[in-house]
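The listed protein sequences derive, respectively, from chains Y and C.
The first sequence runs 1 to 243 under our numbering.
The second sequence runs 244 to 468 under our numbering.
To be clear, the hints were calculated from the coordinates, so they are not data collected in a lab.
Everything numeric in this text was worked out from a predicted model, so none of it was measured.
Built from N, CA and C at the ideal position, the CB exists for glycine as well.
Don't take every hint at face value.
Claimed, not checked - With a straight-line cut-off of 27 Å between C-alpha atoms, the simulated DSSO-like cross-links for lysine-lysine are:
#, chain 1, residue 1, chain 2, residue 2
1, Y, 145, C, 426
2, Y, 145, Y, 54
3, C, 445, Y, 105
4, Y, 145, C, 265
5, C, 336, Y, 54
6, C, 445, C, 426
7, Y, 54, Y, 105
8, Y, 176, Y, 145
9, Y, 105, C, 265
10, Y, 105, Y, 145
To be verified - Covered by chain C, according to a simulated footprint, are these stretches of chain Y (three or more residues, beta-carbon under 8 Å):
#, segment
11, 54-63
12, 185-192
13, 197-211
Chain residues, written in single-letter form:
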Amino acid sequence: MARLATSDALIQVTGLRKAYGTTLVLDGVDLSVRGGEAVGLLGPNGAGKTTLLKILATVARPTRGDARIAGHDCARDAERVRGLVGLVAHGTHLYDDLTALENLKFWRRFAGERPDVEALRGALAEVELDDCADLRVRTFSAGMKRRLSLARMLITRPRVLLLDEPFSSLDQGARKWLEQYLHAFTAAGGAILMATHAFGRELDVASRLVILGAGRVIADLPRGTLSADAIHRLYALHTEDAR
Amino acid sequence: MTFLRRAWAVTWKDVLVERRSKETVNAVLFFSVLLLFVFEFTLGADRERLAAVLPGLLWLGVLLAALLGLGRSFVLERENDCWEALLLTPGDKSAVYVGKLAGNLLLMALVEAVVLTLFTVFMNVDVARALPGLVLVLALGTLGIAAVGTLFGAMTAHVRARELLFPVLLLPVLVPVLLAIVKSTESLMAGEPLGVVSHWLKLLIAADVIYVVAGLLTFDVLLEG
């Protein structure tokens, strides 16, 4: 795959370093993701996948280097970036003692908008939670919470999705829905960076695979027609080399 | 307008969550009643001694209950990383401070109403005459305590020794407020008019303004970490 021009990139990372005290988590990461592209981010535990997503989402600040979303600096222009990205991380960003609908209402109100209840019910229907709209989140399974968390993010209509293990806890129906949604998202020109440990169907949404090891990009491959086994072998080869 | 809508959203959410879980209200009210029992047993029926220490006891009860409640006000945001989502939603983050402060004021007002009622019943004290002035002192004192408590609650939310650090940080900063409210309450309960405590009220108003403005100006930086 041809290298991307900086101007095309919705996500642009250059020489990114992040250290927590004396522990170096990211050590000069270079990466760009164009609109319409979905990149699967692979790597062993501690490779820096979540840290990279957090810097791009403006939750963490880089120690050195440059991270940009649609040309906006993630450290210096964080508020602009926040209006463009949607983050699905390990936490669900939900209040357990509110109902599904109340959670969505709260996040709309907190964004300074008047919640359109019909639109919010529509978002719940999209993730097949319309029957549970008035149930407290505390009573939801992990998969239902994950789906509600996705609905919460999607109503903000982001241009860039930063996903950390988005398929975890989802049942087959929800996985299929998410795959279709992510395909539609990239088809509409959005960019996706998705950290995952899975090598199965989850990676079908990715057009490129980036393998992180010891805080560096150690492989950047087109997804093409690589089978899960082939990806697994490549992953093992590269991560072994990185050690 | 957007700022107020955002602040109101936070208050609405906190009140709704508390109404359903009742975690903080139950703990704080139970603690206040226990404290009153302890005071009652310790002081006995000595009316003179009681009159001398009553203002201090009233505020001690309110303050200890506030320490319990205010320290927990941001714990809710730690669950499921909601703190992260508050940070990532574009807009003025000090709306979170205003929303949380309003929620804490409601909680403290409820606790104070219960504590004051129980005080009058348990200690057999007549506060009817001093009540208008007392309500003003309670309102100003509560705003000062809640303004600093909300800010420090956010500051210590991610600290491991939160329960220890919160009162250690809070109490020294509250010294001017505590001094003013105890002295004002003492005078008002002794039957003196409101004008006599006007200098303490001015101190309370000044402290409240400083604490609220400091909270508004620093909360953004605090949330960003």
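Outcome of the hint check:
In summary, the hint linking residue 145 of chain Y to residue 426 of chain C is not supported, as the alpha carbons are separated by about 52 Å, beyond the 27 Å threshold. In summary, the hint linking residue 145 of chain Y to residue 54 of chain Y is supported, as the alpha carbons are separated by about 21 Å, within the 27 Å threshold. The straight-line distance between the Cα atoms of residue 445 of chain C and residue 105 of chain Y is roughly 41 Å, outside the 27 Å bound, and the hint therefore fails. Between residue 145 of chain Y and residue 265 of chain C the alpha-carbon distance is near 23 Å, which keeps this suggested pair within the 27 Å criterion.
Restraint check for residue 336 of chain C and residue 54 of chain Y: satisfied, since their Cα atoms lie roughly 19 Å apart, inside the 27 Å limit. Annotation: proposed proximity of residue 445 of chain C to residue 426 of chain C holds, straight-line Cα distance about 13 Å (limit 27 Å). Taken as a hint, the residue 54 of chain Y and residue 105 of chain Y pair is honoured in the structure, with Cα atoms around 25 Å apart against an allowance of 27 Å. A threshold of 27 Å between alpha carbons decides the hint, and for residue 176 of chain Y with residue 145 of chain Y the separation of about 17 Å falls inside it, so the pair holds.
Proximity of residue 105 of chain Y to residue 265 of chain C is assessed by CA-CA distance (about 22 Å); at most 27 Å being required, the pair is judged to hold. Pair hint residue 105 of chain Y plus residue 145 of chain Y holds up; C-alpha atoms about 16 Å apart against a cutoff of 27 Å. A stretch counts as covered by a chain when three or more of its residues have a beta carbon under 8 Å from one of that chain; for the segment 54-63 of chain Y and chain C the count is 3, and the coverage holds. Check on the segment 185-192 of chain Y: 0 of its residues sit with their Cβ under 8 Å from a Cβ of chain C, so the three-residue criterion for coverage is violated.
Figure legend: the segment 197-211 of chain Y, annotated as covered by chain C; annotation inconsistent (0 residues with Cβ-Cβ distances under 8 Å, at least 3 required).
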